[in-house]
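A.B. asks: Sequence order for the protein chains is A and B. Its first residue numbered 0, the first sequence is counted upward by one per residue in numbering that gives the first Met the number 0. Its first residue numbered 0, the second sequence is counted upward by one per residue in numbering that gives the first Met the number 0.
Just so you know, the hints here were simulated from the structure itself, not pulled from any lab data. A virtual CB, placed ideally from N, CA and C, is assigned to each residue, including glycine. Watch out, some of these pointers could steer you wrong.
[Stated by the list, open to error] Once the Cα atoms are required to be at most 25 Å apart in a straight line, the calculated BS3-like pairs of lysine-lysine come out as: (1) A:Lys337 with B:Lys156; (2) A:Lys97 with A:Lys87; (3) B:Lys154 with B:Lys100; (4) B:Lys143 with B:Lys158; (5) B:Lys162 with A:Lys341; (6) B:Lys131 with B:Lys156; (7) B:Lys69 with B:Lys99; (8) A:Lys341 with B:Lys100; (9) B:Lys154 with B:Lys90; (10) B:Lys1 with A:Lys341; (11) B:Lys19 with B:Lys105; (12) B:Lys131 with B:Lys69; (13) B:Lys154 with B:Lys98; (14) B:Lys90 with B:Lys105; (15) B:Lys69 with B:Lys158; (16) A:Lys337 with B:Lys99; (17) A:Lys337 with B:Lys8; (18) B:Lys158 with B:Lys98.
[Stated by the list, open to error] Now the stretches of chain A that chain B is said to cover, found in silico as 3 or more residues with beta-carbon under 8 Å: (19) 59–72; (20) 322–329.
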Amino acid sequence: MISMIEFTDITAWIHSLLLSVMTPTWTYIVELALSGVTALVVLLVCVIIMVYMERKVAGFMQLRWGPNRVGPYGIFQVIADVIKLLLKESFSPNRADKVMFNIAPALALCVSLMALAPISWAPGLTMWDTNIGILFITAISSMGVIGILMAGWSSNNKYSLIGAMRSGAQIVSYELSAGLSIVTAVALAGTLSTNGIIQSQADGWWILKGQIPAIIAFLIYVIASTAECNRAPFDLAEAESELTAGYHTEYAGMQFGIFYLNEYINMAIVSIIASTLFLGGWMPFHLPFDYPVVHVFNHIMDFIPTWMWFFGKMFLIIFFMMWFRWTFPRLRIDQLLKLEWKYLLPISIVNLLFAAVIIVLHWHL
Amino acid sequence: MKSLFNYIKEVVYAFVSLAKGLLLTLRYFVTIRKVNITEEYPNNRTTTISVKERFYGEVVLPHDENNEHKCTACTLCQIACPNNSIQIISKQIETEDGKKKRVLDKWVYHLDSCTFCYQCIDACPQDAIEMKNSFELSVYDRTKLIYQLNRPGSKLKEKPTVKEQQS
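Can you make the complete structure from the sequences, with help from the hints?
C.D. replies: Below, the structure written as structure tokens:
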């Protein structure tokens with residue numbers, strides 16, 4: 000039997016090491032800082048991979064090569080871009096509201112990083128293992144628009160303002176159907192804690208066990224979360240052809256870089272949530288049937304490490320979002336609101352009722 | 000009831016048409032290496048790059064193996080040029096039989112102001128100049144774009160006389 004090092008062993012080792020050199024209070028503080036920095040570093044590495052992946056996927060879908068000049072297969076392109084952004088001046092316009100203008104990117108980033116707290120990264124590896132994790136995430140993710148609105152308002156630019164207002168309208172609308180599809184998954188799992196939801200999928204992911212309502216809820220969640228991240232085909236907040244760059248028109252240098260980073264971090268968080276709710280987070284692929292063959296299959300799946308499942312599912316959903324971006328044209332603002340209020344919202348309400356019936360009658364596997 | 004049916008039909012059709020688009024881009028995504036419509040320019044400049052013969056790159060004055068060209072310094076190309084990119088500098092020489100003759104001294108080509116309109120080549124009665132399909136013409140200094148097309152020591156190619164042509 001291969002003895003595998005689990006993440007819980009590492010955290011327990013760090014905990015005992017810190018306790019042996021300092022008081023419990025200081026241990027707590029140092030552990031908080033360490034976990035935050037670790038999550039941030041992991042996420043930044045993911046963002047670098049995502050930016051490279053985005054450009055390669057875009058290239059391949061348009062029959063181009065994508066970046067291939069800087070380093071082998073262009074893998075250092077993102078690093079070169081980051082260095083460029085760091086070296087550029089962070090310019091704020093004369094007529095802008097300077098304080099708000101400079102706070103806005105940091106606020107937007109803080110808000111999206113706060114949603115990381117209740118995420119379950121691996122068995123026993125959660126920064127804040129609370130029983131209302133999903134509720135907290137939905138509450139935080141709708142606050143992200145405040146940073147965008149601040150940026151749009153303080154820029155003192157009509158394009159920025161229109162972009163920010165569109166973003167506000169969009170997030171207010173799409174929060175509803177995203178929330179209702181989250182509620183569907185929560186109702187199936189019977190808990191709001193991320194760890195509890197993942198544990199409830201130990202014998203099969205909800206997208207398999209939850210029958211049709213789970214599939215519809217997953218589709219609606221992916222559509223609504225793409226809209227919440229302000230990504231194409233819902234990138235009305237920064238529609239290049241109409242609004243130059245929308246709410247970050249006036250930003251340059253690393254302030255723009257933070258908005259860019261924020262977009263990708265939001266994407267990562269949204270896909271982590273989608274994989275937690277419907278695809279079982281770090282849980283390996285298990286089939287919910289009671290046959291010997293299925294047991295063998297489930298056991299083989301356990302050999303793939305949990306971090307591989309976690310990041311595999313995350314990048315799968317990110318690939319879906321990139322696929323949408325490079326396939327569909329941008330919606331008009333009236334089409335966007337029509338899609339939400341006339342289609343996604345009624346469908347998700349009916350779907351929630353349908354899911355409730357299935358749960359009450361125990362039709363789910 | 001009919002409106003509900005239409006609503007559901009609309010949603011299903013929307014998903015079908017979106018799936019069509021997604022499948023198309025997925026096919027592009029997986030077949031990139033087979034199609035390869037991108038020229039990887041600086042890497043293939045010595046191998047697979049192809050530029051059409053008819054591409055108007057730069058004006059050249061072809062010389063044959065005896066270092067002879069066909070330009071008689073008639074300055075028709077210079078007159079035809081719409082933006083004075085051509086400067087024909089001629090000189091008077093004396094032939095063996097004592098006749099004075101005007102021959103080409105310098106065929107100066109200002110590539111920096113040339114618009115590649117082909118009018119000089121149309122105007123040339125001797126077919127002395129041609130367009131070449133070369134395109135890597137950029138230099139770091141504008142003054143380097145002024146070329147002298149006739150090679151040093153080159154002379155006019157003597158036309159075969161009528162008798163020689165018949166024989």
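A.B. asks: Hints broken by the structure, by number, lowest first?
C.D. replies: The structure breaks hints 1, 4, 5, 8, 11, 16; every other hint is satisfied.
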